[in-house]
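Visitor: First residue of the sequence shown: 142, per the working numbering; consecutive thereafter.
Rather than coming from a laboratory, the hints here were simulated on the basis of the structure. Source: prediction; values computed, not measured. Please note that the accuracy of each hint is not assured.
To be verified - The calculated label-pair distances, taken between Cβ atoms and stated as ranges, are:
| no. | residue 1 | residue 2 | range |
| --- | --- | --- | --- |
| 1 | Asp226 | Tyr166 | 15 to 23 angstroms |
| 2 | Arg182 | Gln207 | 28 to 36 angstroms |
| 3 | Glu204 | Met142 | 30 to 38 angstroms |
| 4 | Arg209 | Leu146 | 16 to 24 angstroms |
| 5 | Arg182 | Gly157 | 34 to 42 angstroms |
| 6 | Gly175 | Lys197 | 14 to 22 angstroms |
| 7 | Leu146 | Asn201 | 35 to 43 angstroms |
Ideal Cβ placement from N, Cα and C applies to all residues, glycine included.
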Amino acid sequence: MDADLQLQLIQAVARGERQAFQELYEGTSGKLFGIAIQLMRSPERAEEALQEAFVKIWHNASEYHQGRGTVMTWMSSIVRYRCID
């Protein structure tokens, strides 16, 4: 999934569009799970951290600001924070 589509989807998620959230999840969850599993070293714990991260992404999509980095960078930092927490 390219960065432009991720941007469009996160903006739609910020408006509460569930279909956009599903598309964003489907397009990014594999890569984000990879980050989580590297940090957690346990598939079960990585899945739990990823789920919590996506809940945070859903609730905080309006806090994403394009000037601070890409959507994937923003979401990756949320996943990392959840794994560390």
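Visitor: Of all the hints given earlier, name the ones this structure violates by number, lowest first.
Guide: 3 and 7
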